[in-house]
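Novice: Using the sequences plus the hints, can you model the full thing?
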Amino acid sequence: MLARLHTFSLLGIEALPVEVEVDVSAPGLPKTVLVGLPEAAVRESTHRVERALVNSGYERVQGRVVINLAPAELPKQAATFDLPITLGILMASGQVQLERATEYAIVGELALDGSTRPARGVLSMALATRAQGLRGLIVPEGNGSEAAVVEEIEVLEVGSLAQAIAFLQGELELEPVPSQVEELFARLGRYEVDFSDVRGQEMAKRALVLAAAGAHNVLMIGPPGSGKTMLAKRLPTILPPLSPEEALETTRIYSAVGLLDRGVPLVTVRPFRSPHHTISEAGLVGGGSHPSPGEISLAHNGVLFLDELPEFNRRTLEVLRQPLEDRQVTISRAHAATTFPANFMLVAAMNPCPCGWRNDPRRSCHCSATQVERYMSRISGPLLDRIDIHVEVPGVPYEELSSRAPGTPSAQMRKAVQEARAIQAQRFAGTRTRYNAQMTASEVRRFCQLEESASRLLRNAMNQLGLSARAHDKILRVARTIADLENSPHIQAPHLAEAINYRILDRQFWG
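Numbering of the sequence shown is given in the working numbering, commencing with residue 1 and proceeding in unit increments.
Hints in this document: simulated from the structure, not taken from any laboratory.
Among the clues, some could well be false.
Straight-line distance between alpha carbons at most 30 Å, and here's what the computed DSBU-like set of lysine-lysine pairs gives [as the list claims (entries may be wrong)]:
no. : residue 1 : residue 2
1   : LYS205    : LYS233
2   : LYS415    : LYS205
3   : LYS415    : LYS233
Label-pair restraints from in silico Cβ distances [said to hold, decoys possible]:
no. : residue 1 : residue 2 : range
4   : VAL54     : GLN322    : 48 to 58 Å
5   : ARG135    : ALA425    : 34 to 44 Å
6   : ASN463    : GLU245    : 28 to 38 Å
7   : PRO241    : ALA41     : 30 to 40 Å
8   : GLN464    : GLU373    : 20 to 30 Å
9   : GLN418    : GLN169    : 46 to 56 Å
10  : GLY283    : GLN97     : 46 to 56 Å
11  : GLY63     : GLY288    : 49 to 59 Å
Backbone N, C-alpha and C define an ideal beta-carbon position, used for all residues, glycine too.
Specialist: Below, the structure is given as structure tokens:
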């Protein structure tokens, strides 16, 4: 007999449909053949499946069993094929009749006693189930709430092989796991930090509001203890709340790499990722023999914070250049190329010199000119060009630190950001661009036209500071955001002057 069931294979963060075909021949010498480009975890499933069958009260098949995972050219990995393979063997051997099996996609790993174990990437599989037009998805116990955020399909949890069989035979009714998207946003969509905790640093706060309003990248330069990390950690609190679509995009990535916290099936706040400076290139952008997302994808729709920027390996930093422009990264391997989303805001922080006290009035710097030059040369000019805003974060005076007056709260800053982004949404309606930082060259020429006085100011800045053509466009994009914050339809000379000021620091320290 031949049995067919629907399941999925995870490739990167995408769930690709797979058909499990099981054929059992006449009784003879028992042998199981697994074909369809299975990886090690899938090949080992034959042993788990055999014991799960016997320990669940069913007979071991006495004959030749051929299991085909189609399409044959797609690599199959992970243990989520255990449950559909076991059900296929039982159907093909005539031990059970599962009338409902063709209506559902089935995923799950089996323990030797027949119980199910949670799987990774269930959210992507639920989205693929809906795209395939199937009635629903059967998942292991513990994965239901994650898959249930996808509406329009039934998500059913099973705790064991026996429970799955009873449901598919029609002997047991299971209640679909309810979708709780609104409740999850209400319960989990809050931040534990606020900008009101930050004393002083109004210039840096202004720069971060600009960055949040136009999705610009930021570099903060200042001595140790000036509040750079504290400011960066609070940047997500002034970004607009995640939309349901953005939450699904982000959660898919965390689901695929198994980083969803227990009891938190949906990412409801902007991600904030802060990798250590010893991170590898593959850890930052993604990689591996079977590509998995890196930190830039885990920061999708959120913030990637690189503290102590010059301490990162220079080659590691250079791989950021293409994702910063394209908002995605493609990892190519011999068998396939996988594209991961990487629409993040880059926030970097660094000291002005190895000892950290260069230009600080409170402490003297003992670094030689050669040491400072070597320290700064760890960051390339092309990478700097891709960072729109450079801001100095000086030490905070005692008077501001001891003040009892609270700082500007995140809610007030977020209101200004949302108003500016509403203007951008209207400006870019009907295009792929969403924020000022993403404007194409033609959109810069269209939306960032300058009057004569502003044009003269920009020409002088370009000549005196030696800025590149990319920096020219970055200045115009930042000036457009400044004008949006002031609800000005045109870029005026003061807007442009402030935008140019955010490019001076790289020439002051690197020139």
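Novice: With reference to the structure, classify each hint as holding or not holding.
Specialist: Hints, one by one, checked against the model:
no., hint, verdict
1, LYS205 with LYS233, "holds (12 Å)"
2, LYS415 with LYS205, "holds (14 Å)"
3, LYS415 with LYS233, "holds (18 Å)"
4, VAL54 with GLN322: 48 to 58 Å, "holds (52 Å)"
5, ARG135 with ALA425: 34 to 44 Å, "holds (37 Å)"
6, ASN463 with GLU245: 28 to 38 Å, "violated (44 Å)"
7, PRO241 with ALA41: 30 to 40 Å, "holds (38 Å)"
8, GLN464 with GLU373: 20 to 30 Å, "holds (22 Å)"
9, GLN418 with GLN169: 46 to 56 Å, "holds (53 Å)"
10, GLY283 with GLN97: 46 to 56 Å, "holds (49 Å)"
11, GLY63 with GLY288: 49 to 59 Å, "violated (38 Å)"
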